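Given chain A, work out where chain B should sit, using these hints.
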Amino acid sequence: MTSLPANPAMRRLGLVIDLDICVGCHACAVNCKEWNAGGHMAPLTDFDAFGEKPSGVWFNRIHTFEAGEGADGRTVHFPKSCLHCAEPDCVTVCPTGASFKRSADGIVLVNEDMCIGCKLCSWACPYGAREFDEDVGVMKKCTLCVDRIYNETLPQHERVPACVSTCPAGARHFGDLGDPTSEVSQLVAERGGYDLMPELGYKPTNKYLPPRPRQNGACGTAVTATQVEAEADLSGHPFLRWVDRMLTR
Amino acid sequence: MHPAYSVIFFTTASGAGYALLALMSLMGALGMLPAERWFGLAGFLVGLIAVTAGLLSSTYHLGRPERAWRAFSQWRSSWLSREGVLALFTYVPAGITALGWVIFQEIWLVPALVLAAACMATTVTTSMIYASLKTVRRWSNCWTTPAYLAMGLASGAAWLFLLAGIFALNDTMARPIAMVALLAAGIVKYGYWRFIDTETGVATSGSATGLDRFGKVRLLTAPHTEENYLLKEMGYRIARRHAVRLRAIAFGLAILLPLVILPLVPAPGSVLGVMLAILAVMANAAGTLAERWLFFAEARHTVTLYYGAERA
Numbered sequence: 001m002t003s004l005p006a007n008p009a010m011r012r013l014g015l016v017i018d019l020d021i022c023v024g025c026h027a028c029a030v031n032c033k034e035w036n037a038g039g040h041m042a043p044l045t046d047f048d049a050f051g052e053k054p055s056g057v058w059f060n061r062i063h064t065f066e067a068g069e070g071a072d073g074r075t076v077h078f079p080k081s082c083l084h085c086a087e088p089d090c091v092t093v094c095p096t097g098a099s100f101k102r103s104a105d106g107i108v109l110v111n112e113d114m115c116i117g118c119k120l121c122s123w124a125c126p127y128g129a130r131e132f133d134e135d136v137g138v139m140k141k142c143t144l145c146v147d148r149i150y151n152e153t154l155p156q157h158e159r160v161p162a163c164v165s166t167c168p169a170g171a172r173h174f175g176d177l178g179d180p181t182s183e184v185s186q187l188v189a190e191r192g193g194y195d196l197m198p199e200l201g202y203k204p205t206n207k208y209l210p211p212r213p214r215q216n217g218a219c220g221t222a223v224t225a226t227q228v229e230a231e232a233d234l235s236g237h238p239f240l241r242w243v244d245r246m247l248t249r
Numbered sequence: 001m002h003p004a005y006s007v008i009f010f011t012t013a014s015g016a017g018y019a020l021l022a023l024m025s026l027m028g029a030l031g032m033l034p035a036e037r038w039f040g041l042a043g044f045l046v047g048l049i050a051v052t053a054g055l056l057s058s059t060y061h062l063g064r065p066e067r068a069w070r071a072f073s074q075w076r077s078s079w080l081s082r083e084g085v086l087a088l089f090t091y092v093p094a095g096i097t098a099l100g101w102v103i104f105q106e107i108w109l110v111p112a113l114v115l116a117a118a119c120m121a122t123t124v125t126t127s128m129i130y131a132s133l134k135t136v137r138r139w140s141n142c143w144t145t146p147a148y149l150a151m152g153l154a155s156g157a158a159w160l161f162l163l164a165g166i167f168a169l170n171d172t173m174a175r176p177i178a179m180v181a182l183l184a185a186g187i188v189k190y191g192y193w194r195f196i197d198t199e200t201g202v203a204t205s206g207s208a209t210g211l212d213r214f215g216k217v218r219l220l221t222a223p224h225t226e227e228n229y230l231l232k233e234m235g236y237r238i239a240r241r242h243a244v245r246l247r248a249i250a251f252g253l254a255i256l257l258p259l260v261i262l263p264l265v266p267a268p269g270s271v272l273g274v275m276l277a278i279l280a281v282m283a284n285a286a287g288t289l290a291e292r293w294l295f296f297a298e299a300r301h302t303v304t305l306y307y308g309a310e311r312a
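Residue numbers (full-length UniProt numbering), protein chains in the order written: chain A, 1 to 249; chain B, 1 to 312.
Some clues are possibly wrong.
Stated by the list, open to error - Below, computed lysine-lysine pairings styled on DSS-like, alpha-carbon distance capped at 25 Å:
no.: 1; chain 1: B; residue 1: Lys-216; chain 2: B; residue 2: Lys-134
no.: 2; chain 1: A; residue 1: Lys-53; chain 2: A; residue 2: Lys-33
no.: 3; chain 1: B; residue 1: Lys-232; chain 2: B; residue 2: Lys-134
no.: 4; chain 1: B; residue 1: Lys-134; chain 2: A; residue 2: Lys-53
no.: 5; chain 1: B; residue 1: Lys-134; chain 2: A; residue 2: Lys-33
no.: 6; chain 1: A; residue 1: Lys-53; chain 2: B; residue 2: Lys-216
Claimed, not checked - Pulled from the structure, derived: some chain A residues nowhere near chain B, Cβ distances all over 10 Å:
no.: 7; residue: Gly-24
no.: 8; residue: Glu-34
no.: 9; residue: Thr-64
no.: 10; residue: His-237
No lab work stands behind these hints: they were computed from the structure. Bear in mind the structure is a predicted one, so any value in this text is a computation, not a measurement. Think of the CB as a built atom: it goes at the ideal place given N, C-alpha and C, for glycine as much as any other residue.
Here chain A stands alone, though its shape is the one from the complex (with noise of 0.2 Å):
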C-alpha cells in the first residue's frame, strides 16, 4: 500500500551525518555497496565495472562542496544517501504499492517483486536517493540496512547500518530521530542537525550537523612562504649548512 501508515510509531530509525567530522574518504559508500551487493536489494548491478565508462547502482554518494569565499570559505565533504522522510512522495507516486514506509520505524522500502520499473519514484525524491536496476528492471534504494539492524545472528554492535560501522571517522550516527532522549536525537538538538531542502516538506528523519565555527587562530591563518624561509635558519646545524652550502654550488 503505497499510502502513508496512518498510525506511524514515534519509533523513526535514521542517520546523522556529521559534516565537521567527515573527510570524504567514501568509506561509507565502498562498505554500503558492498553490503547491499549481497543484502535485501541485491544484486547492485554495475555495468562496464572495468572499462572505460563504468555506471552502477549505489546507495550512498559522497559529494564535496566548495561553500563561502575566502579564509571564510569551507570545503565540505557531504555523504547523501536516503532520508527515509516522514512526508515521502516517492512512496506516494508509486502505482503498484512496491514503495512503502514502515509503520514501525519509518523506514522506506521497495518490494522488488511488485516494482514495474516505471521510476517515478526517483523522479518524486528530490534527493536522489533512488537507483534504477537497469539489469533487473526495478528501482533499487537505502534498506538503512534493515537486513543488518535487526539481524540477531550478528554481534550487538554491529547491528547498526554497513556505512556507519565503517566510517573511520565517526561522522555518522544511527538512532531513533523519533525519540527526543536518544543519542542521536541529543546531537541533533546539541549541534542544530538541520533537514536538506526543509522548503518541499519532505520532512526527511536524516539530520546533518553543520560544520563547527572556527575557532579563533585554530585555523585560517595560512603559513606563507616567507615563514617557511625563515624558520628554515640553518646557523645551528653546521651539517645541514654544509648540505646548503653543497647544494646551492
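Below, chain B alone, put in the same frame as chain A:
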C-alpha cells in the same frame, strides 16, 4: 529531465485520442454531429487507436512491463495509478457509445456524456503525474494541466475537423471549435513558456546542502567520474538557443500553421479541403511532439543541485 520517446508518444497520442472521443461524444450528445454510421466508425477507430497505441507505448519504458497490471491498485495515492484506472474505465463508455453510434445510428446521451467526462479526466490524471511532482518546478505549477488539456483538445479538434471534411458533414461547428481550441492551446502554451522562463526554482544548492550559512555553495568534486542513473534520467539539459528554436518550431507547426490552413479549407467533401485538413493535422501532430519533447527536456529536477546546479 530525460525525454523518453515512449512517454512523449504516449502523452501526445492519448491526449489527441481522448480529446477526439470527448469532442465527438459531447457534440453528438448536443446534437451538433449526426449519428452517421461511417463517420462514427472512423471517429471511434481513430480515437481508440490513438489512445490504445499511446497506452501500449507507455509500457515500453517500464523495467518490468509484464507487471503493468499492478499499476491499477494504488489509485488512493498515486496519479499514475489513477490514470491507469481511468484509462481502462474509459473503454466502457467508449464501447457503449460506439455501439449506439455505429450499429444503431443513435447517440445515447448518458454514455456519451460519461465518455466525454472520462476522456477529459484521464488527460487531467496524465498531467497530474507531472504537476504533482514538487521536485520539478517547471511541472508542478498551474500551467501544466491546462497545457495538457488544451494541446490535447487542439489535436483532437483538428482530427474532428478532418473527419467531418472526409465525411462531408455540413454545419458541424468543427471548424470554429478547432480554431478556438488551437488559439486556446497557443495562449496556454505561451503562458507556460513565459512562466518557466521566469521561475526561480523551488530550492538552491544552498538549501539542498544546508551550507548556505557559509555563503555561496558550489560543487567541488562529484561523487563519481562517469554518468550515473540520476544524471542520465534527471540531469538532461538542453541548450537554451536550441530550446528557443524548438519552441518556435513547435508553436509554428502545432498552432500557427493549422490556424492559417483551417480558414482556407473549402466546403466539406472537396478533395482539396481534405488534403489541406490532413496537412493541418500532420503539422499539429509534429508540433505537439516537439512541444512535448521540450516539456521534458526543459524541466529541471532538484537532484541536479547536488551536481552543480545553483537553482532547480
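Against the structure, the hints come out as follows:
1. For the proposed pair B/Lys-216 and B/Lys-134, the alpha carbon gap of about 24 Å is at most 25 Å, so the pair holds.
2. For the given pair, A/Lys-53 sits about 18 Å from A/Lys-33 by alpha-carbon distance, which is consistent with the 25 Å threshold.
3. For a cut-off of 25 Å, the pair hint linking B/Lys-232 to B/Lys-134 stands: about 20 Å separates their Cα positions.
4. For the suggested pair B/Lys-134 and A/Lys-53, the alpha carbons sit about 32 Å apart, so the restraint of at most 25 Å is broken.
5. Restraint check for B/Lys-134 and A/Lys-33: not satisfied, since their Cα atoms lie roughly 29 Å apart, outside the 25 Å limit.
6. Proposed proximity of A/Lys-53 and B/Lys-216 is contradicted: the alpha carbons are some 32 Å apart, above 25 Å.
7. Not every Cβ of chain B is farther than 10 Å from the Cβ of A/Gly-24; the closest lies at roughly 8 Å, contradicting the non-interface assignment.
8. With a least beta-carbon separation of about 17 Å from chain B, A/Glu-34 lies farther than 10 Å from that chain, consistent with its non-interface assignment.
9. Its closest Cβ contact with chain B, about 4 Å, brings A/Thr-64 to no more than 10 Å, contrary to its assignment away from the interface.
10. At roughly 41 Å from the closest C-beta of chain B, the C-beta of A/His-237 stays outside 10 Å, upholding its exclusion from the interface.
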